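A.B. asks: So the protein lines, in turn, are chains A and B.
Under our numbering, the first residue of the first sequence is numbered 96, with each subsequent residue one higher.
Under our numbering, the first residue of the second sequence is numbered 7, with each subsequent residue one higher.
Calculated directly from the structure, the hints in this document are not laboratory data.
Treat the hints loosely; a few may be bogus.
Under 10 Å between C-beta atoms, here's a sample of chain A residues computed to sit facing chain B [claimed, not checked]:
#, residue
1, Ser244
2, Ala247
3, Lys265
Note that this is a predicted model, so its numbers are computed, not measured.
The C-beta atom is built at its ideal place from N, Cα and C for all residues, glycine as well.
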Amino acid sequence: MIPDSCYQIVTTQEENIWQLLEEVCDPEIPVLSILDLGVLRQVQVREDGQVQVTITPTYSGCPAMNTISADIKLKLLAEGYPKVQVDLQLSPAWTTDWLTEEGKQKLEAYGIAPPVEPNGDIHALFGRDTTVRCPLCQSENTRLVSQFSSTACKAMYQCQECLEPFDYFKCLK
Amino acid sequence: MELAHTTNTAAQNYSPELRELLFQYTLQLADTSLILGHRLSEWCGHGPILEQDLAMANISLDLLGETRSLYQYAAELEGQGRTEDDLAYLREAVEYRNPLLVEQPNGDFADTILRQFLFDGFHYLLLKKLQNCSDQRLAAIATKSFKEASYHLKWSSEWVIRLGDGTEESKRRIEKALDRLWRYSGELFQMTPVEQELHKAGFLPDYAQLKQQWDEHVAKVFAEATLEVPQNVFMQLGGKTGMHTEHLGYLLAELQYLQRAYPGLEW
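Turn these sequences into a full structure, and let the hints guide you.
C.D. replies: Below you can see the structure in the form of structure tokens.
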């Protein structure tokens, strides 16, 4: 339930909130919840009943953060938590390691290739590109079209077998 | 709407002098990514091909994300009630602290690529160091942006090679860009009094070291691109201390138009 990367001691009430927030989705990849993405970092209920939710952006310019914050507040309001504060945490910085296994499967089923471990050092320039599997026909005969695509977190690939262009969720470490 | 940051720094314990220095420096970093981010956004819908149009818009977005984190922090350091929007939209050209390079007009695609390449190398190396900055907030912002900057540098380096070692025409264009823009590269590494003070206080790395690594990267990429590294070029300075080229005023006229015409307007 609560990802290992944000392991913490939680009360029953907090665990209940984690469960509720499983229904809050990334507005740009609606098949992923903010839990799947690893964007939700912490939930704390204070003594006065105020709920403090901490989220982290995938990329610094991610325009979805405000929407996600508003969605969290609306969701919790509807479930009987009127006092909610959402904080933004930059450090530790988000990494694709926080994407859950379930999240990766949902991505692929949605037509977006999930991040794969890079061969060698990603900071090395001109390194070999990673082998990315086509989410539509599963072929590994694909090519990188551009490191940048429809959103900051994705790269653009094309499958050489079925010829479909597709998004690849970039590995960010 | 603004999200509150969780990283509370030791900023409260800073002396007023140190606080002012960090405010000035954070502002300089913010101005730099804002102006370059804005320049790149001017390409949106005009890129030579769709993929590169998207690439420039994406890099612009990364830079603007970094900009917001920096302006928010600068506003907190200043503590005078100004917001990130006030800092971005309600200052005059002479108050901007970005280096001259990033305000240079887009020109053709080769000009934009070369400007980006010269900047990305610096940005990448600086952020790499700032990740360990003793100011926690700057370190957190740098850690976030460093991951993104490595993609930017890869992109611009590949394009310099493609244009330099490409066709006769692409080579002519990138050489022309080099002739036009190289003179602005030195300012990136020229420390201002603010930067020198912060270096002495242990907040900033030695820029001479960054310059050495930058030179090595440029030499490597230029060798592959069959371009020559210009020698003995007079370097233009001034942007980081508020003396800008005429281009910045026009850029700000567009960037700040809405807030100037309709003060306080919100989305």
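A.B. asks: With reference to the structure, classify each hint as holding or not holding.
C.D. replies: Do the hints match the structure? See the list:
no.	hint	result
1	Ser244	holds (6 Å)
2	Ala247	holds (5 Å)
3	Lys265	holds (8 Å)
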